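What follows is each chain in one-letter form.
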Amino acid sequence: MSWQLGEGAAILIVVLVGFLPTEVWRTLAVLAGRRVEAGSEVFLWVKAVAAALLAAVVARLLFDPAAPLQVVPLAVRLAAVAGGVLAFMLTRRSVFVGVLVGEALLVGAILAFGG
Amino acid sequence: MSSLISSPEPPSSAPHPGPRHRSAPGWFLNGMRHGISVPALVLFASYTGFGALLQGVNFPLGAGLLSTLLIWALPAQVILVGGLVAGTALPALALAIGLSSMRLLPMVVSVAPYMRGPRRNVFAELLCSHYVAMTLWLEGLRLLPHLPGEARVPFTLGLGNMLLSVSVTGTAVGYLIAGSLPGPIAAAFLFLTPLSFSVLMVRNAVGFTDWLALAAGFLIMPFALGLDGGLDLLIAGVGGGSLAYVAGRLRRGRA
Numbered sequence: 001m002s003w004q005l006g007e008g009a010a011i012l013i014v015v016l017v018g019f020l021p022t023e024v025w026r027t028l029a030v031l032a033g034r035r036v037e038a039g040s041e042v043f044l045w046v047k048a049v050a051a052a053l054l055a056a057v058v059a060r061l062l063f064d065p066a067a068p069l070q071v072v073p074l075a076v077r078l079a080a081v082a083g084g085v086l087a088f089m090l091t092r093r094s095v096f097v098g099v100l101v102g103e104a105l106l107v108g109a110i111l112a113f114g115g
Numbered sequence: 001m002s003s004l005i006s007s008p009e010p011p012s013s014a015p016h017p018g019p020r021h022r023s024a025p026g027w028f029l030n031g032m033r034h035g036i037s038v039p040a041l042v043l044f045a046s047y048t049g050f051g052a053l054l055q056g057v058n059f060p061l062g063a064g065l066l067s068t069l070l071i072w073a074l075p076a077q078v079i080l081v082g083g084l085v086a087g088t089a090l091p092a093l094a095l096a097i098g099l100s101s102m103r104l105l106p107m108v109v110s111v112a113p114y115m116r117g118p119r120r121n122v123f124a125e126l127l128c129s130h131y132v133a134m135t136l137w138l139e140g141l142r143l144l145p146h147l148p149g150e151a152r153v154p155f156t157l158g159l160g161n162m163l164l165s166v167s168v169t170g171t172a173v174g175y176l177i178a179g180s181l182p183g184p185i186a187a188a189f190l191f192l193t194p195l196s197f198s199v200l201m202v203r204n205a206v207g208f209t210d211w212l213a214l215a216a217g218f219l220i221m222p223f224a225l226g227l228d229g230g231l232d233l234l235i236a237g238v239g240g241g242s243l244a245y246v247a248g249r250l251r252r253g254r255a
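Protein chains in written order, with my numbering: chain A, 1 to 115; chain B, 1 to 255.
I should point out that these hints are in silico values taken from the structure, not numbers from a laboratory.
Just so you know, these numbers come straight off a predicted model, no measurement behind them.
We treat Cβ as the ideally placed atom computed from N, Cα and C, and that holds for glycine.
One or more hints might be untrue.
[Said to hold, decoys possible] Just so you have them, the derived chain A footprint on chain B, three or more residues with Cβ under 8 Å:
1) 50-60
2) 197-203
[Stated by the list, open to error] Ranges of calculated distance between the beta carbons of each label pair, as one might list FRET restraints:
3) W211(B) - L74(A): 21 to 27 Å
4) L86(A) - F123(B): 44 to 50 Å
5) L74(A) - G149(B): 52 to 58 Å
6) G87(B) - L74(A): 19 to 25 Å
7) R92(A) - G253(B): 31 to 37 Å
8) V42(A) - G179(B): 41 to 47 Å
9) G6(A) - A89(B): 16 to 22 Å
10) A67(A) - P113(B): 43 to 49 Å
11) T169(B) - L100(A): 21 to 27 Å
12) L127(B) - F43(A): 23 to 29 Å
Start from the sequences and build out the full structure, keeping to the hints where you can.
Following this line, the structure appears as structure tokens:
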């Protein structure tokens, strides 16, 4: 992968773009928490946006992954995730089983179809 | 948001406050001991996956470890790294992370009353609040109400620092291992983050709006992938989430 970031720049980005936008909510909760309503409309919107953001990033990691996963066909990646989620739903909602089945499907497909 | 670790604990691991009169360091150690648990194991595994992701995209290790220490919210960290790789503009990325982390506010609000000593100390409260993420929130709500007031701050700091240490170690282990693995295993390792997040998202989805938000974010993203400057994340995340919220609200209105 050609993309490369220096350590100093990466640290600066972690602090400014990652840490501050996250920590502000923890700080705000302590300083002004009593005045915030947890069930308000704003929170319902934020919850939906947070879920969609995470789903979008997961989609990007699946559709456009880093090098070691690029050799695995997109259909296999998607099928393995779908199989893992299905296993999770069929096994009394065990996250462990879901992840295990998804991984097994991926590795099985790599070994079966050559890698 | 529903729980990450929802299985009821067996009686053996129910909180044993032990002697009522521990010193502050005693409570700190007691908190650390409670940080060695099944949820900690899940954290460790999740963060090895994140470490593998960092290694896979050539993100510097030091900054990656710092992200676990400072951000201490895996979704925000995954969005940060995923966004940087895709060339998302930094202001758009900060906005996306801010929106994703806003869920921490109600979590801190709900657990903060149990993280206070007998006397009000804003500095201690702010320090304790930094450790609040999914795992400490759940464990805190489970364990802290049983403890006496003077125990809560040192116990929280012991528990939080143990969970954080486990996660920083996991990040480093994942990063260092991922580089030396043969192809299929490296792929499986890198697959851990999107796979486990998919399962956890399905687990946390409880209503119509949640499911629609997940579907919208996931399905819009592939079509937005080519767009410049982080528009993809904002369109799929903010756009898809807002769409789900509006649809959910219309549905509530009609019901």
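Output the indices of the hints that this structure fails to meet, ascending.
Going through the list in order, the structure violates no hint and respects every one.
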